[in-house]
Amino acid sequence: DGGITQSPKYLFRKEGQNVTLSCEQNLNHDAMYWYRQDPGQGLRLIYYSQIVNDFQKGDIAEGYSVSREKKESFPLTVTSAQKNPTAFYLCASRTARNPTSPLHFGNGTRLTVT
Amino acid sequence: GQQVMQIPQYQHVQEGEDFTTYCNSSTTLSNIQWYKQRPGGHPVFLIQLVKSGEVKKQKRLTFQFGEAKKNSSLHITATQTTDVGTYFCAGRGGNQFYFGTGTSLTVIP
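Residue numbers (my numbering), protein chains in the order written: chain V, 477 to 590; chain G, 950 to 1058.
Any given hint could turn out to be false.
In silico SDA-like cross-links for lysine to any residue, where the CA-CA straight-line distance does not exceed 25 Å [stated by the list, open to error]:
(1) V:Lys485 - G:Gln952
(2) V:Lys547 - G:His991
(3) V:Lys533 - G:Gln952
Derived Cβ-Cβ restraints for the label pairs, each shown as a range [unchecked claim]:
(4) V:Asp514 - G:Thr1011: 27 to 33 Å
(5) V:Ile527 - G:Ile996: 44 to 50 Å
(6) V:Thr576 - G:Thr1011: 35 to 41 Å
Calculated directly from the structure, the hints in this document are not laboratory data. Since the model is a prediction, treat every value here as computed from it, not as a measurement. Don't be surprised by glycine CBs; every beta carbon is placed ideally from N, CA and C.
One chain only, chain G, in its complex shape (with noise of 0.2 Å):
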């Protein structure tokens, strides 16, 4: 079946730094939806991805769709506290939604 792989798994920053996410799927993807889980809580909608090498923002979030819609990425730039949670990809095939494994953001503040 379809695979959504993520890198890395784990992150541990300095409050400040920078993070980003990366996930890569075995097929093409229609469109790509970023979801953030925090801990002991349940996966939340931040945004979808659906043109080819789409950039989109929101404050220090920056997500990105590959060119050939087989990637993308999450940038968070200078990070805080309450970015912790772990960050899943997940990519629409068919009926179906294809979930990366998810990187875990840990924050030191």
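Same shape as in the complex, but just chain V (with noise of 0.2 Å):
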């Protein structure tokens, strides 16, 4: 079956590390999209990428990195420059040869730093 990977599923860390969150999709989508999730705060968009090796900022990205060196893959870090890490990280794709095709979203990966 087609979709959208993250794990883990809950991630706990220390305040002060970097953590680096996977996002791994099969569904030959070109683009994808890093969200994060806070009660009462909708989706904010941290980075997207369009294609391999290139990659936007989104509302929200400082304190995050990314890289997209696979179609497949796009993993997000979340640095110990981020000021509240602790939330709900939701990795998206879609296809990007139509503009108004829907984001697939993976299952989502729950982090805590203390």
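Got two chains here, separate frames each, mind docking them using the hints?
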């Protein structure tokens, strides 16, 4: 079955440590996105990538970094510079060939930093 | 940046009652999509509206796109417990999708 896999489902880290969240898709989608979800704030865009080796900052990119070395993979690193990293992180992808194609989401990773 | 607001933030209804959530954008949208997120789950695409004034129906769900393409609504007729979840609108601007703040629906049996 095609889909988006995020791992792990739950992640715990100590403050000051960098942590990388995995996102893999086998849908052959060109575009991939990272969103952060906090209660009452909806989904906020962190980074997105339209093509391999290229990515753009979203509205809340500070304290995060990404890479897009392969079409299937778009890992997100939450750095120690991120002030409030505890959140639910969602990865999504879509085909870029159709400008109106919807987003397909992974199951998310819940990150807790103490 | 572009802002998409949704109201209400929370809605509790008795099973069988109707429910409506409203989405308003600060700018004109090329299209609008609606997603549903079940508790503990991830957003799942429901529908997309593209044309000004467009109305689409999916069984008990009715989606509407405003004439000015700056607002949209989702109406559920006779809610059921399976309708529980958070409903998000998302407007497309360039290569980005701007999500509304979501409306969390609780259905009381």
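Each hint, compared with the structure:
1. V:Lys485 - G:Gln952: 29 Å, violated
2. V:Lys547 - G:His991: 22 Å, holds
3. V:Lys533 - G:Gln952: 17 Å, holds
4. V:Asp514 - G:Thr1011: 27 to 33 Å: 30 Å, holds
5. V:Ile527 - G:Ile996: 44 to 50 Å: 28 Å, violated
6. V:Thr576 - G:Thr1011: 35 to 41 Å: 20 Å, violated
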